[in-house]
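Using the sequences plus the hints, can you model the full thing?
Here are the chains, one letter per residue:
2 protein chains.
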Amino acid sequence: MINSPQAGTEPYRDNTLGIEARVDDLLGRLTLREKIGQLNQRPLGWQLWQRRGPEVTLTETLDAELDRFGGLGAIYGLLRADAWSGRDWTTGADPALSAEITAMVQEQVVASSRLGIPALIVEEAPHGHQALGGTLLPTNLGSAATWRPDLLAEAFAHVGRELRARGAHIALASGLDLLRDPRWGRSEECFGEDPLLASRFTAAQVRGLRSEPGIGVVLKHFAGQGAAVGGRNGAGAPIGPRELDELHLPAVRAGIDAGAVGVMAAYNEIDGIPCVANEWLLTGLLRDQWGFGGIVMADLGAIDQLGRTTSSAVETAAVALRAGVDLSLCDEAYLSLEEAVGAGLIDEALIDRACMRVLRVKIELGLLDPPAPLPVFPTPRSADDLVAATPVLLINDDRLLPLGAPGRIAVIGPNADDRDCLLGDYVPPLPDGAGTTVLAGLRDRIGAGRIRHEAGSRLTEPLPGGLDCAVAAAEDSDLVIMVLGGSSVRHYADAFADNGAAELTGAVAATGGEGVDVAEVALPAAQQQLVEAVAATGTPIISVMIAGRPLGLQGVVDHSRALLWAGYPGPDGGRLVAELIMGDREPVGRLPVSLPRTSASLPVAYNERLGASRRYADSESSALFRFGSGLGYTTWSLGVPRNTGGPDLAGAVVSADLTNHSGREGRQIVQLYGRSRTPGLLPRRAVLLGFTAVALAAGATAEVDLRIDPYAIAALGLDAPSTGSAPAPTVVLWPSLDGPGEPPESAITMQG
Amino acid sequence: MINSPQAGTEPYRDNTLGIEARVDDLLGRLTLREKIGQLNQRPLGWQLWQRRGPEVTLTETLDAELDRFGGLGAIYGLLRADAWSGRDWTTGADPALSAEITAMVQEQVVASSRLGIPALIVEEAPHGHQALGGTLLPTNLGSAATWRPDLLAEAFAHVGRELRARGAHIALASGLDLLRDPRWGRSEECFGEDPLLASRFTAAQVRGLRSEPGIGVVLKHFAGQGAAVGGRNGAGAPIGPRELDELHLPAVRAGIDAGAVGVMAAYNEIDGIPCVANEWLLTGLLRDQWGFGGIVMADLGAIDQLGRTTSSAVETAAVALRAGVDLSLCDEAYLSLEEAVGAGLIDEALIDRACMRVLRVKIELGLLDPPAPLPVFPTPRSADDLVAATPVLLINDDRLLPLGAPGRIAVIGPNADDRDCLLGDYVPPLPDGAGTTVLAGLRDRIGAGRIRHEAGSRLTEPLPGGLDCAVAAAEDSDLVIMVLGGSSVRHYADAFADNGAAELTGAVAATGGEGVDVAEVALPAAQQQLVEAVAATGTPIISVMIAGRPLGLQGVVDHSRALLWAGYPGPDGGRLVAELIMGDREPVGRLPVSLPRTSASLPVAYNERLGASRRYADSESSALFRFGSGLGYTTWSLGVPRNTGGPDLAGAVVSADLTNHSGREGRQIVQLYGRSRTPGLLPRRAVLLGFTAVALAAGATAEVDLRIDPYAIAALGLDAPSTGSAPAPTVVLWPSLDGPGEPPESAITMQG
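Line order of the protein sequences matches chains A and B. So in full-length UniProt numbering, spot 696 of the first sequence is number 696, and the numbers just go up one at a time. So in full-length UniProt numbering, spot 369 of the second sequence is number 369, and the numbers just go up one at a time.
Note that these hints are calculated values from the structure, not bench results. Each residue gets a CB set at the ideal place from its N, CA and C atoms; glycine is no exception. Heads up, none of these hints are tricks.
Cβ-Cβ distance ranges computed for the label pairs, FRET-style:
1) A/A536 / B/E503: 34 to 44 Å
2) A/E620 / B/S613: 23 to 33 Å
3) A/G344 / B/V640: 34 to 44 Å
4) B/D369 / A/E620: 48 to 58 Å
5) A/E620 / B/D498: 18 to 28 Å
6) A/E620 / B/N15: 49 to 59 Å
7) A/P464 / B/A472: 35 to 45 Å
Listed next, the stretches of chain A that the computed footprint assigns to chain B, with coverage defined by at least 3 CB atoms under 8 Å from CB atoms of chain B:
8) 232 to 241
9) 305 to 314
10) 591 to 604
So, in structure tokens, the structure goes:
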């Protein structure tokens, strides 16, 4: 049965009316079953169509769903291409076909809907759209190392244009999780360990994507997923409300303030309560306190997982809906919502509440406006400035870098000639020939004739004969560049859990990414043995780490004269790493996370509270490389800070003279830290309060002004429970070029 | 100025009156300064006197303090003897002198007090009184392995008699901290990782000590100290209220219900708020909700540590007093309380509130009654039954144990001939010749002629030539008994922090105890190398672990045919270990804590929530040996459980037939576990709900009845936030002889 919507005749289609009036009108026209349809997002999108060559046909997967509900809230992953979906360049939605596919599916959805309501097309875009031909950016941990949210916003504006050109509406962007335990496989998806970095970069992602009309952003994950115990994916976070508020919520606020249309309720529980069942979180905080009007989408299968706590799917559905989950994602339980209403477990008003939010987003994104042509798929845009700003130079003994006369170079290591290791998780297959490995980048830049290559080992296992070959190459060279680390590559033969995470029961080549948590974060033994064998040759070593999570690098540090941490830089990473090594560009990255020694000394975040700084009998408890640190090719000094702003913290401006003492132009990240003194609250050792990127000509001096970012305030704990007539809190402020350290004598004290 | 109290004339001295009337009367007679004196406990007790031979004289240390206040609340550690106090058998308070010393000091206190109020004499007694000649019990972790609180209560009754005979009033007993992170140096002080074990053993400690009239117990530590991040002593616990309530508070309730007169506010913060500043904890919960009328004593120096959050000592004092700290311990800040009242920071009513609690405890313990003679110091009482029940047999391949014909035995390892390693932290020096090492115990039991001994290595460092000697001994023997592990020994030359914890800046021989946290819990490399060298000889190995914390033992397991974990069993541990090995007694201990693989896979507690069970790519996340497990020399079966009690959880009685299939009498610990299904709350994998010890003759069968302990209920989370009209929670129950595992099919389901 196909119904033709009569465009423009009803108030809900009248885009001269306010959104709320349109939502109210539309909601009033829907039956209970139609409303429940708007709360469902069940079949995996890529299963809705098939492609033979350039010819696309729809499968029958969607028919039953549309018949059941008369319409549908959203469709997930229609264009997704990766090992889990099984879609590749032969079978998947390339840019040329994508808009056609979304149009075909959307047409079917609209036709099934009595009132002609389209579905939200929801796509993964954690660091670029996970679809064939999508621009791939560094994973978030790398982007955060730039300390340049402006560069990320520009890059994501292009991603938004790509998404819209293919007919998508919602980008799923991951930025809310903090990297508090590097054992977590999803470390790469975090903007580091700091709430301000996460806030600024999340906001940049949203701003960038939202600059494309018709694209909305759903932020994941809400909330506290980075606090999962043991770094185990989806495990619980037994944290308290202050820890949640100070560390894990600022980025949510920032993303919402920047215009996110939704948040994704996370897998984890907080202090026992799964996020999808957490009425305090999803309703009390998000709605009642923050006034957020967008949608809460459950993570994939998270509502069904709630079945571990209930006795039936009906009960599960009732718990999640009551808590505040508006839109499910591949769950069975939300099929039972009508039954839950019928059984009196929930009131229809709760269905209305959720449906209204879904409809509001659809209207806001223009789904019920007269159809407009999609923009054309944009030509590729260079992300070189972003990518080149991600690597962090951690060691540079005797200014070995940049390389002058390179001589004969041995490029050694499992990641040297691996393209996929550059990409991270949640990526589509690259086109043939795309991307540049570090080896290829060095050959292009230095000349293939100077370079000899040996893998030497696999990531976690020895390569038969590898050590001997590597040693021979090192002995025959003037310099070794070791390319080590990890990989989140997914192979099409891998096993996957129901939600697409790696399933460890199968063979997994990856050392990171969703589902690949590790106990020990120190460099795997096979690579460590390679480093030691090569070091024994005496040939100087420059180490390059391609890795999604912080690794324990003491064994690399001991044998390297230079060390460059490059995260997962994306497909062009190898070219830009070569340019950095040769000095065409200066390394300007700063660590967005503390690098640990081993797993045994976790946690090491710079902003743990003061009490956590006690050392162990057998090890330091501090980081091996601290948050905010990183070297360049230039030399700088920062003068004594002064407050040139107002007398209160919110209006303070910490100013200091910054000088580039070098003979070349350079860039710096000037960081502002604070430590509070709030009666009765143990302060964090330091809190990043602001930062700014500065470029200065050779020999130049400029005054740098730093303001306190509103999203950084929470971590100071100035709102701690008042203890009677105790004086107001104070805060000491100090700028730094290389991470927090202890407050110096020159720190500025202010009333909090 | 000395005032003679006129005993019996004032109401506060009339013990026919109720306590509250006496407290009110006494409080009304005190000046502000005198009241504040009752809130102070400042000089370290052992510094108040000197001994030359049998002659004791008072120092001038107390004079200024008594002059300042006209009396004093309490005196800490008057009789303490250990490396920190520097008191030994030459300079310390032996049993014969102790009563005289307390009487001399008390006389001075009373004389200085206008109303003749004595001080509380407060002594450390975590596993026996930390004074010369005090009975030493296993550390708490060992006692918990007995699963026999009744044995501990009997042993502590004797400790209470010793304390009273010396003139002490308050025993500081540590049992509240849960062992959630084995990196913590104080792991040995915990009754394991489970709230019910901690509750039952804490209550047993209190019951035992309180059976001696005039002895009160202050429980440490309140609260959540075992949740400290990274296992770092005194670090914060960023946990939420549910985690606190379910795991960390039941033992506090149990100890209070058993008659504790006070709790000690811990060093750590909970979710940012230091315990000594936590008004919600110390007043809202403890007083207003629980109705507790005893004292809150701060941990040693904890109030002054609060100075990290305030701008002055006056402010510090005001914050702590307002929060609810009644009695300081070696803090400067409480000297400023009068100034704080004068400055209007606190009202005198808060001074009264605290003083009233101190006075109440003094009156309750008889300090203001007519003096009565002290009991005589009791003759030693054997704790053999307790000590022998602590070791847990973890491996016994081919029933190697008990040893039949022992043959030639090599006893190897750093703990084989070390007496002090048996004792743990918080112990006085032993008398000359006291105690039995494992080596000595084996020689006594088996015959010295059969035994050859080599240390082989030190605890954390190789012993020069040690490996060769150990290998030679093993090669020349039919069997090796390796005695490995750790030690919390304190040497008189060690460095100590202000609170007596080990100071890691100095040389520390210990691998455990307060202040000696470690990053890596796996057996130290030196010992592991020793194990491997000895194993290479092919001589069968029985391993005995003397260790205060859970160690990662994979490397021992790989090479041992039997493995006995013995905690810190106390001075007679060596004798009883030998008896167990020879089969004079059966090992009956069960693990009170999960033994991890390495630090990298922490946490491993059996009662983490379901979500934490996900494995790592490079390791299991589970324990190597699970909570509740342990072998004996007998074979048992447990029949299908049935509920023979009431229909509701509180009245349920889980009954099952237990059979001893062996040819000898045997003992078992029957454990009852539950898992809840509470809508919207992720359950813990299992919760220990009850347990009982059973002895059965060879071949006998008996019905065992298990009831649900009220202190175990909290961890089920049945009080989770109601989600509308969702059905009531259910709980599945199952008995077990060897730890929780997964609920079996025979588990009983009940309404929660």
